[in-house]
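Just so you know, the protein sequences line up as chains A and B, in that order.
Heads up: the first sequence is residues 2 to 454, going by our numbering.
Heads up: the second sequence is residues 2 to 454, going by our numbering.
Please keep in mind that the hints were generated in silico from the structure rather than gathered at the bench.
Predicted, not measured: the structure shown is a model, and the values here were computed from it.
Keep in mind that a hint or two might mislead.
Any copy, or any two copies together, can satisfy a pair, since identical chains are not distinguished.
As the list claims (entries may be wrong) - The calculated DSSO-like cross-link candidates involving lysine-lysine, where the alpha carbons are at most 27 Å apart (straight line), are: (1) K220 x K283; (2) K304 x K392; (3) K392 x K283; (4) K220 x K186; (5) K156 x K304; (6) K164 x K220; (7) K164 x K186; (8) K304 x K164.
2 protein chains.
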Amino acid sequence: MRHPLLAPDLRELIHEQDAAGLRDFFDAHHPADTADLLDDLQPDEVLFVLGLLDGRTRAEVFSYLEPELQDGIAGLMERRELAALLTYMSHDERADLVTRLPPERVEQIMPLLAQAEREDIRRLAAYREGTAGAVMTSDYAVLSPELTAAEAIQKLRQEAPDKETIYYSYVVDEGRRLIGLVSLKDLILAPPTRRVAEIMQTDIISASVQEDREVVAQKLMEYDLLALPIVDTEGRLVGIVTHDDVIDVIVAEATEDVHRMAGIEPLAGNYLQTPFVSLWSKRGLWLTILFVGGFLTTVALTKFEDFFQQFPPLVLFIPLIISAGGNCGSQSATLITRALALGQITPRDWARVFLHEVLMGTSLGLALGVVGFVRALMTPSGALHGMSALKLAQVVSLGVCVVVLCGNLVGALLPLLLKRVGLDPALMSNPVVASLVDVTGIVAYFAIAQAVL
Amino acid sequence: MRHPLLAPDLRELIHEQDAAGLRDFFDAHHPADTADLLDDLQPDEVLFVLGLLDGRTRAEVFSYLEPELQDGIAGLMERRELAALLTYMSHDERADLVTRLPPERVEQIMPLLAQAEREDIRRLAAYREGTAGAVMTSDYAVLSPELTAAEAIQKLRQEAPDKETIYYSYVVDEGRRLIGLVSLKDLILAPPTRRVAEIMQTDIISASVQEDREVVAQKLMEYDLLALPIVDTEGRLVGIVTHDDVIDVIVAEATEDVHRMAGIEPLAGNYLQTPFVSLWSKRGLWLTILFVGGFLTTVALTKFEDFFQQFPPLVLFIPLIISAGGNCGSQSATLITRALALGQITPRDWARVFLHEVLMGTSLGLALGVVGFVRALMTPSGALHGMSALKLAQVVSLGVCVVVLCGNLVGALLPLLLKRVGLDPALMSNPVVASLVDVTGIVAYFAIAQAVL
Numbered sequence: 002m003r004h005p006l007l008a009p010d011l012r013e014l015i016h017e018q019d020a021a022g023l024r025d026f027f028d029a030h031h032p033a034d035t036a037d038l039l040d041d042l043q044p045d046e047v048l049f050v051l052g053l054l055d056g057r058t059r060a061e062v063f064s065y066l067e068p069e070l071q072d073g074i075a076g077l078m079e080r081r082e083l084a085a086l087l088t089y090m091s092h093d094e095r096a097d098l099v100t101r102l103p104p105e106r107v108e109q110i111m112p113l114l115a116q117a118e119r120e121d122i123r124r125l126a127a128y129r130e131g132t133a134g135a136v137m138t139s140d141y142a143v144l145s146p147e148l149t150a151a152e153a154i155q156k157l158r159q160e161a162p163d164k165e166t167i168y169y170s171y172v173v174d175e176g177r178r179l180i181g182l183v184s185l186k187d188l189i190l191a192p193p194t195r196r197v198a199e200i201m202q203t204d205i206i207s208a209s210v211q212e213d214r215e216v217v218a219q220k221l222m223e224y225d226l227l228a229l230p231i232v233d234t235e236g237r238l239v240g241i242v243t244h245d246d247v248i249d250v251i252v253a254e255a256t257e258d259v260h261r262m263a264g265i266e267p268l269a270g271n272y273l274q275t276p277f278v279s280l281w282s283k284r285g286l287w288l289t290i291l292f293v294g295g296f297l298t299t300v301a302l303t304k305f306e307d308f309f310q311q312f313p314p315l316v317l318f319i320p321l322i323i324s325a326g327g328n329c330g331s332q333s334a335t336l337i338t339r340a341l342a343l344g345q346i347t348p349r350d351w352a353r354v355f356l357h358e359v360l361m362g363t364s365l366g367l368a369l370g371v372v373g374f375v376r377a378l379m380t381p382s383g384a385l386h387g388m389s390a391l392k393l394a395q396v397v398s399l400g401v402c403v404v405v406l407c408g409n410l411v412g413a414l415l416p417l418l419l420k421r422v423g424l425d426p427a428l429m430s431n432p433v434v435a436s437l438v439d440v441t442g443i444v445a446y447f448a449i450a451q452a453v454l
Numbered sequence: 002m003r004h005p006l007l008a009p010d011l012r013e014l015i016h017e018q019d020a021a022g023l024r025d026f027f028d029a030h031h032p033a034d035t036a037d038l039l040d041d042l043q044p045d046e047v048l049f050v051l052g053l054l055d056g057r058t059r060a061e062v063f064s065y066l067e068p069e070l071q072d073g074i075a076g077l078m079e080r081r082e083l084a085a086l087l088t089y090m091s092h093d094e095r096a097d098l099v100t101r102l103p104p105e106r107v108e109q110i111m112p113l114l115a116q117a118e119r120e121d122i123r124r125l126a127a128y129r130e131g132t133a134g135a136v137m138t139s140d141y142a143v144l145s146p147e148l149t150a151a152e153a154i155q156k157l158r159q160e161a162p163d164k165e166t167i168y169y170s171y172v173v174d175e176g177r178r179l180i181g182l183v184s185l186k187d188l189i190l191a192p193p194t195r196r197v198a199e200i201m202q203t204d205i206i207s208a209s210v211q212e213d214r215e216v217v218a219q220k221l222m223e224y225d226l227l228a229l230p231i232v233d234t235e236g237r238l239v240g241i242v243t244h245d246d247v248i249d250v251i252v253a254e255a256t257e258d259v260h261r262m263a264g265i266e267p268l269a270g271n272y273l274q275t276p277f278v279s280l281w282s283k284r285g286l287w288l289t290i291l292f293v294g295g296f297l298t299t300v301a302l303t304k305f306e307d308f309f310q311q312f313p314p315l316v317l318f319i320p321l322i323i324s325a326g327g328n329c330g331s332q333s334a335t336l337i338t339r340a341l342a343l344g345q346i347t348p349r350d351w352a353r354v355f356l357h358e359v360l361m362g363t364s365l366g367l368a369l370g371v372v373g374f375v376r377a378l379m380t381p382s383g384a385l386h387g388m389s390a391l392k393l394a395q396v397v398s399l400g401v402c403v404v405v406l407c408g409n410l411v412g413a414l415l416p417l418l419l420k421r422v423g424l425d426p427a428l429m430s431n432p433v434v435a436s437l438v439d440v441t442g443i444v445a446y447f448a449i450a451q452a453v454l
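Please model the complete structure; the sequences and the hints are all you need to start from.
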């Protein structure tokens, strides 16, 4: 959300290098709002503004900035300044920043950090993108099972400023294996002398560090949790993923799916801020593949050229019929892809889906076939070139029926197949389904025409 | 997520009416997991199982069930049983349930509830679907500003079992106007004798009860909050929306957009559980509109019938050209619709979008035009019917170029226009854009052909 009234104020303060005024401005606005305004400025301007803030606030505002701007500012900062910024940032966000820095820059900064911080950054930055490890943070609260509720609250009170959340604390044994979860609510409700071991929940929902971030999101959603603990293969606690990071994952995954379904390589950033050439290639790649694939329609039509020269009115209905098939295919592909993403169906349900879509395709095809029959009957006699309107109507209605059924089946089964072989079902984007249906549609339509005429 | 190994166990226990075994089963599994298994059973079976649980657990499991199943069970329950269930459910979920019950059933139950509960249900159920009011809950914690931190914690301790969250408390004045927010973390960190008025944050992010639920979701996301307070037009606190409900809103809105973009009236429930007739009409409606709209392609082709009889090879490239335009249009429509949904752009950015898409459409069109030129040159001489391959290639490449540019502009500007006039931009679904491009594409292609030949 942009705040058009605030932007000029901020610009003027920066232009006049009014340090006192800028500090007042920052005190009066939420870091997320200020960051939003700063996003439109140049890295050197933002660096000047950030320099006026204390370390903790600076890190907070910085974390809300767009990744591209963060990288620009990090590039301009002095080594010491950048190292100081990293110590104040939340553990997951600083690991993300370090992952994006040039390797030589990382080597410069690492020696300036405490050993524990260095190891933490290295560890978090090592996880593959898209996994639980890559979205988790390591600043969570840990309790030992022997503490009493009062001692635990006292410990959390001391640690609170450095932790992402103190509302859930994780209980680990000597080997750091996750053995329990205790919420601050549980601690407050418990008698002060009761031990954590007696209060904690032991039936813990967790995810493995190598799992897909989508699995983490689904678990947190399904159980309405504030955070999900992440464990390694030995069951040792290595991080947590919090509710706000899960929201980011859900939004990012939905965007990725929507883009893929429309035949666009997913954009990481903002539409207008993505460089032209990068967007051009993300779109052009699929467009070209689809265009070359579309040559098949030309080949198919070439085979029937003599036939449609003999019966020219057949040509009039080609776009109508193939687009009906394409639309139907897109509907099915979208329904199935979304149902897969929401965990409503799995590839094992293919038989139910197949049956469902055969019935759906047939009934939708019949309905559109009737409409097409009526429309073809109304073809003006001048356009019929001596062809029987009734014959034309038969061919068109049968053609629509078959193409719609084909579209439905291709659209429904391809995403299931892709998922089955471990690919993203959204990749079988709607235009790919439409292209496949175009070709089969043309062949089916003319095959029917040849049979009827 | 289904748990295939647990389902047979549960079925057997129910079949044998093994009350003790079922109670053990419930103790051993998370309510979300049990509810997931129960979702596949009949309402009367689930009612039997729920009858074995204590009131609080029963309400919890019930809340996790699919809405259709909830309605079925509520229909079978005795009045008193249903009233008791409502008193244990969270305030937002019971209001949703009551909204779905038949009016005569609501009248039967209401007298059995305490007056405060009745009023709460009536109030929450009154808000229009899709607004903040319809997703908010009324079981939040309220503090008065004069309390000390210790007194506030003591109050929360007493109220905790009945509140959706005690991690955020809201501070209101005598007129119930929202004047502050205090987190449990702030209360725990503060000296016990400090007053809430001194600890609370007064710069509160809130939403109005009539606002769209998407606005609520965006605010909670932007500021990384656990819950967002909802106020009426006088600034009085009337409810809160919690992070887990926001996740549900985000997922539901994304599904709605994806379905709309593929030309499907959004499904409320699960793909395989939606009744066939309902899904048929949700798909058939748009398919028929698009099919009838597609008649325009037939009309357009009829105008050029004599012309393509004279130059038959022109027909071979019709599907290729219109599908390139349609694909390009879908890409742009998807990019813009998603960017609008994420708040990255607003209709006021139309000029920047227009310029961007003119450049993008032209450069993509030129690239595909070159490919099309080469392809058309390669048309076998037998298929040319005496036409010049070079002329054909010129027409095809120019046609692709113009159609791709058209597709890009139509796809980008229509969602902006829809948003501007207050409609859902996803409604200008990709197939509608494709249909529009089909017609303009055919006209443009033959107009170019007439000019060149």
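What are the numbers of the hints that this structure violates, sorted from low to high? Result: hints 1, 3, 5 and 8 break, sorted rising.
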